[in-house]
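Visitor: What follows is the residue order along each chain.
There are 2 protein chains.
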Amino acid sequence: MIIPVILSGGSGTRLWPLSKTEKPKQFLPLVGDRTLFEDTLLRLEGLPGLADPIVVCNESHRFLVAEQLREIGTKASAIVLEPVGRNTAPAIAIAAMIAARTGSDSAGPEMGSDPILLVLPADHVIADPDAFREAIEQGVAAARTGKLVTFGIVPTHPETGYGYIEQGASQGGWSAVARFVEKPDAATAQTYVDSGRFLWNSGMFVFGAAAFLDELGRHAPAIRTVCESALSGLRADDDFTRLGPEFLKSPSDSVDYAVMEKTDRAAVVPLDAGWSDVGSWGALFDVLDKDKDNNVLRGNVVTSGVENSLVISGSRKVLVLGLHDVIVVDDEDALLIMRKGSSQDLKLALAKVKDDSTDD
Amino acid sequence: MIIPVILSGGSGTRLWPLSKTEKPKQFLPLVGDRTLFEDTLLRLEGLPGLADPIVVCNESHRFLVAEQLREIGTKASAIVLEPVGRNTAPAIAIAAMIAARTGSDSAGPEMGSDPILLVLPADHVIADPDAFREAIEQGVAAARTGKLVTFGIVPTHPETGYGYIEQGASQGGWSAVARFVEKPDAATAQTYVDSGRFLWNSGMFVFGAAAFLDELGRHAPAIRTVCESALSGLRADDDFTRLGPEFLKSPSDSVDYAVMEKTDRAAVVPLDAGWSDVGSWGALFDVLDKDKDNNVLRGNVVTSGVENSLVISGSRKVLVLGLHDVIVVDDEDALLIMRKGSSQDLKLALAKVKDDSTDD
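If you read the sequences in order, they're chains A and B.
First residue of the first sequence: 1, per my numbering; consecutive thereafter.
First residue of the second sequence: 361, per my numbering; consecutive thereafter.
Hints are computed from structural coordinates only; laboratory data are not their basis.
Just so we're clear, the structure is a prediction, and the values are computed from it rather than from any experiment.
Note that the Cβ used here is the ideal one computed from N, Cα and C, for glycine as well.
A short list of chain B residues far from chain A (calculated; beta carbon distances all over 12 Å):
| id | residue |
| --- | --- |
| 1 | F423 |
| 2 | E427 |
| 3 | A436 |
| 4 | Y522 |
| 5 | R578 |
With a straight-line cut-off of 20 Å between C-alpha atoms, the simulated EDC-like cross-links for lysine to aspartate or glutamate are:
| id | chain 1 | residue 1 | chain 2 | residue 2 |
| --- | --- | --- | --- | --- |
| 6 | B | K700 | A | D325 |
| 7 | A | K317 | B | D705 |
| 8 | B | K712 | A | D293 |
| 9 | B | K677 | A | E22 |
| 10 | B | K677 | A | D345 |
Same shape as in the complex, but just chain A (with noise of 0.2 Å):
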């Protein structure tokens, strides 16, 4: 059985003002008419063996969760509830926890009594849902072998705002991973992606729950053990699954650098499927659909002269003339209108107003 676990935890303030922490980006119909965590669920139809999702979310988005899966008519296993994110690392532990107790139960003999981990963040967009599940079912075949899957997407560009990975032996549909390499400058970049063996570091992963448990213990102990503590002061009821305040505890870290980029079982699997972590306003423009003037307009907006440009308008009329390349995001509370390509001032600027603004 393959059970998705869906990473909801985002604070998504890189999409301020659309974003709040109090309803961030996956739970916004930023890309057609869905969220992004209901499409991230949506997409995965028609995989063989899928089980019922775990989902892990921040205890204050509990009800956006629950009912965003009653739209989209999916049944959770769990909701899991953390009372603080603890970044990636902790929040998977505790699902492959859950997996590895109920899912081990269920398990027939065909896929064998390690339950596979699907892990996927809440906030992707995917252009191409059929190369993205041919992607998993490679990725799970490795897992069946042991490995600890990642995705690597296959890069469009120089991009210097993700980390890469190298590839090593190829595998058929997977290779080994050679290494892990930070965010690179911007002509490391373009040497890497000359060489066609570097891939994008995705966050999204296939793993079996026990395998990862024994990798996470090894390189990791102290977030396996809080967690361990965690879930045995988990309370459940009918909706929801609180995690007990040992989670507190743990170390706050991602999962590639607490187990991918320690362990040697790590393996990659190549994803060309119109990947985008909407992870910038100009990275939400890329993958939208642009009208003739390669504009993307929302809401009562009129132009003139504008091209190349995003305007999403709340309730009011707004008027844009004569400016190419901008982003105009117009919400009930503040006023967003910044070049493309600003998103690291966009980020340090909500760091000098957060107070009184990412919160409202």
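Position chain B against the provided structure of chain A, taking the given hints into account.
Guide: Using the frame of chain A, we list chain B on its own:
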């Protein structure tokens, strides 16, 4: 006596969305703490022989006018309400008739029996009121010799948005008008500026009431006849002077076309006093004080990497990143974002969306 005639009938849509038909720009504190209308009257203080002003406005603005006069402690000799605007010639004709009727009764021998009208649009900015009052005194001296005087702005650049006045023979503080010319193209404007003989047509005038009405009767008799008829139907209460319905029959014409370009009594006084008609957002930007990044920021505005820009926030937080030479005006009902210099686009765009935007 010098009777200021304040023309307050403009609808000011060029500063949309702040300036609206129901509260156009002359009634807004766009520059400093006082409204443009208030400043128009206050900057006259100190002129010798100054009488109470006649204000001509649209009837829908009568309480704005009356309240702003009350705030600055000015009593109008009349607040004349137009049921609908008929451009400047009929408005000035009515004011001249009222002034001739009342002014000649009270004029001392020093002033002569023809009261001098100082005609001023309510929405102009003058950075140097001392120089302005000196020019007015030159104009008054010329008007006392029977001239119809227009103030010609010493051009600071080859503007294509104004008509020009070519100066003829100089008479000291004023000149004969050689000719009026329409808005020129850029090359022609440059030759005008280079010549040193051309001035911008400002829309400000000084002339005797009787002299003006004589010339109006000669060159635009229909306007004079209709206005005399409207004057006979005039109803005045404690606060306002209402024109009779005959006024609606008046041709709609500017005083330039109807009189100044045709009379052989036209004279021009050069004015170099930091004048602006605040005819666009760019023009407003030009007259406002800038910060170290050459920005004008009003309200709850945070910027990074922004230069040469005007950002006006209403109640919301506005974040602007990585843009230069932009105008952002965030009003309750509408939002304008434009490249500085796109005023013509603004006019065209508003014409398209007028029904549901300029009047709300």
